[in-house]
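Whole structure, please, built from the sequences with the hints as guidance.
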Amino acid sequence: METAAGGGCGSGPPLLLSEGEQQCYSELFARCAGAASGGAGPGPPEAARVSLGAATAAAGPVADLFRASQLPAETLHQITELCGAKRVGYFGPTQFYVALKLIAAAQSGLPVRIESIKCELPLPRFMMSKNDGEIRFGNPAELHGTKVQIPYLTTEKNSFKRMDDEDKQQEAQSPTMSPLASPPSSPPPYQRVPLSHGYSKLRSGTEQMHPAPYEARQPLVQPEGPSSGGPGAKPLRHQASLIRSFSVERELQDNNSNYPDEPWRITEEQREYYVNQFRSLQPDPSSFISGSVAKNFFTKSKLSIPELSYIWELSDADCDGALTLPEFCAAFHLIVARKNGYPLPEGLPPTLQPEYLQAAFPKPKWDCALFESYSESMSANQQPRDLNRMETSVKDVADFPVPTQDVTGDDKQALKNTINEALPKDVSEDSATPKDSNSLKARPRSRSYSSTSIEEAMKRGEDPPTPPPRPQKTHSRASSLDLNKVFQPTVPATKSGLLPPPPALPPRPCPSQSEQVSETELLPQLNRVPSQAAECSPAKKDVSYSQPPSKPIRRKFRPENQSTENQEPSTAAGGPTSVATVKPHPTVQKQSSKQKKAIQTAIRKNKEANAVLARLNSELQQQLKEVHQERIALENQLEQLRPVTVL
Amino acid sequence: MAVCIAVIAKENYPLYIRSTPMESELKFHYMVHTSLDVVDEKISTMGKALVDQRELYLGLLYPTEDYKMFRKLHNSYTDVMCNPFYNPGDRIQSRAFDSMVTSMMIQVC
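Protein chains in written order, with the working numbering: chain B, 1 to 647; chain D, 1 to 109.
Read the hints as simulated data drawn from the structure, not as lab findings. In this text, all values refer to a predicted model and were calculated from it rather than measured experimentally. Be a bit skeptical, because a hint or two may be false.
Computed list of lysine-lysine pairs in DSSO-like fashion (alpha-carbon distance at most 30 Å, straight line) [to be verified]:
1) D:K27 - D:K72
2) B:K625 - B:K597
3) B:K625 - B:K295
4) B:K295 - D:K10
5) D:K72 - B:K295
6) D:K10 - D:K27
Interface residues of chain B toward chain D, partial, derived using beta-carbon atoms under 10 Å [claimed, not checked]:
7) N296
8) L308
9) C319
Each residue gets a CB set at the ideal place from its N, CA and C atoms; glycine is no exception.
Put into structure tokens, the structure is as follows:
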């Protein structure tokens, strides 16, 4: 088997491939060949090739693959020449294998020579697979170097997505695929394909079914550090729902437009969130947000001004100084992505273009029926590139609505745990520090919707820092949250009809704290709404970037929507109100008994923390008022001084 | 043709300057200031009523193809200004502006 590649076409140098290399290379070859839908060539010599069918790999995917190896262009040219592809004019299996071996040699630092490939070499690393391999093999050094490139790499052809399978194969056989191992025989690669799929199933249920979501997961996983690399790790499960949403998005988009840029795709939950934020700034969804308003809003995200300026440039397509709803969503998404560590793209990705966003998201309402329609369309339009993937992806999508609830249940529990962990920590921090620092801390904590909370989530190795956790929480709460909204007439009521897709919910201790506190303040004291409103409105501005300055009533829901724990808002809502709202929950949650149990347990746990948070909130609001007064005084002084200094 | 492009602020400091490698930026900056001085001179001598005509006249002194270039430049400049995150008086750091200027310089050189 090792020499089959060399012996088959006979035009390349003799090649010794280890078992792992054989599988890896054949997978890559299949991708490149399948990606280009290469015509059936002469029967490949190796048994492994027979199953894959194509004998030649098209130059395009091959070139992309080589570029993903991160080698300089001249090295790649040398490799191409050496492997004989230039001579014969195409990439046959021999040439391809030789090229891959040379890439591995080059990446190992060896000179690009035919002799280099005679020795044992590690598998060539390509950007897409690199992160997989790195994550699993626990090599964080390269991980950081490569993770940043993920968004760009996702723009490569889908053939790369199959690298995930390859990597899963690698991981499944990591002991045997070490560079030094060279077993004499290996089963045909095609037999391993189901194994990889099975393995991927083992890993995290459904997320590896999709190549694209897996890649999307990578950057999400990376910020969590190597700890998330373990299969079956809890964060992975939380990511699963997010990945599922990504995968659903991706499948749909693949069928529609074949956009490979995963990180720039806005999920429904994110879209919801963005739309709500837009509404908070501008009640009319069809009009603009002015530049200054948007500037104030986005400045709260704590990105640097040049970055915000660049994001604005990208998202304000018509350069009119104002953001329409799709432009706003694009800008928000870019900000969120940037805060999660993605480098900003050079140009507006196609999935963030206003026309695309308007077409893809005609209405800010989503429900599970939509997802089911996606799955149907997906199954109808699956590309024939990879039958296995198609089947698994279709099955995954079909299962999408069902397991979401399970996942959300799991998510809730996990989030609850993280919240509970976070709460005592934050509470202790706040109580220990003086008032000023408390207020200062509270502001950034509660204000940033994705910075500190997501960073904390990342540190804890929790769910991936999905941009707006709030809408996801909303959805993960399923109908319970919707019912809450139904009972109280605010804008979020529009979401009441939505059934949530299962997003991952990163823990949001900070906002949940402030939200809970604010809720305890607000809800139990409905009679004092005016005073509360006065207190809360200034507090709100600072309290949450994700809680846009809106009415106090809205704020009640926003914490509900935005708390990481679905049950928290209901519990924090105070005894009678929450009970009243919670009670209808079980009826609606018949669909997901797991959610119910999770909610109930979360309710119990969260009630304990509410009292402390209520005290904290009152203190913080007091500080906030004081600081506001100081600020007003300073501004007055400034105004008085200004005419003196201006010449 | 366009070896250098500069955007000068009201206070006579450059908001943006980009030159081809041949020219040093300092030398070009001097030339820009000189040309601005010429314009100022023309304006001051002609009086307010004739300012517009003078400006137009000066504009025609340049090769007409530059007019297209100037329009593109000005459009990009207004796009930069539209950005609410841009503080007037800051150096122009917009990547889109940079790319537009680069394309203009490459195209005409």
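The hints, checked one at a time:
| no. | hint | verdict |
| --- | --- | --- |
| 1 | D:K27 - D:K72 | holds (24 Å) |
| 2 | B:K625 - B:K597 | violated (40 Å) |
| 3 | B:K625 - B:K295 | holds (24 Å) |
| 4 | B:K295 - D:K10 | holds (24 Å) |
| 5 | D:K72 - B:K295 | holds (26 Å) |
| 6 | D:K10 - D:K27 | holds (20 Å) |
| 7 | N296 | holds (9 Å) |
| 8 | L308 | holds (5 Å) |
| 9 | C319 | holds (4 Å) |
Comparing the model with each earlier hint shows a violation of hint 2 alone; every other hint is respected.
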